[in-house]
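Residue numbers (our numbering), protein chains in the order written: chain A, 844 to 913; chain B, 844 to 913.
Simulated from the structure, these hints should not be mistaken for lab results.
Since copy identity is lost for identical chains, a pair holds within one copy or between any two.
The list that follows gives simulated cross-link-like pairs (lysine-lysine, DSBU-like), each with its CA atoms no further than 30 Å apart:
| # | residue 1 | residue 2 |
| --- | --- | --- |
| 1 | K886 | K899 |
| 2 | K903 | K886 |
| 3 | K886 | K870 |
2 protein chains.
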Amino acid sequence: MEEIIIKNKVKIARIEKGGLTQGDLAKLVGVTRQTMNLIEAQKYNPTIRVCLLISKHLEKPVDELFWIEE
Amino acid sequence: MEEIIIKNKVKIARIEKGGLTQGDLAKLVGVTRQTMNLIEAQKYNPTIRVCLLISKHLEKPVDELFWIEE
DNA sequence: TCCAAATGTCAAATATATTTTACATTTGAA
DNA sequence: TTCAAATGTAAAATATATTTGACATTTGGA
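Start from the sequences and build out the full structure, keeping to the hints where you can.
Written out as structure tokens, the structure reads:
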């Protein structure tokens, strides 16, 4: 899985909530609050499905929310 | 995992290869040829890490390569 | 036409994303 | 200040992304 080059440094930009709680967003996206919490804490590497749904509900493109740390 | 609403309909736009083979792109991204093949065939839901690396090597934004089927 | 390279696919194994349950800490409004 | 709501986190279980190995089919150029 190319551990050396990229190092799984995917980051999520601060999910600023327009009234949404972490749990609300999780529910909208269809994951658990814990998963959303881990994503926000940048603890791992979600699937594109989850990212697209976050993107949709936050109305921001995936490329703006997630990137590779150079 | 919200089986009803979204149905895991992530699609990859045709990965047109500027001389790249499926295997070449797989190697660049750091996954196996089989994984790249499955992604192209829209058989599943890759991680954002893989998507960002595909995006990088194809020089197209993630949002252009992957979307949710309405 | 022929053949090597590229692609499609399958089954079993492995790695890891995601859930479940549970509890401790923080935060903000009454 | 207080208390409910929100957040942070952890361990174990489950679901699924990804690999490995292998083989069959397709494709494009010589």
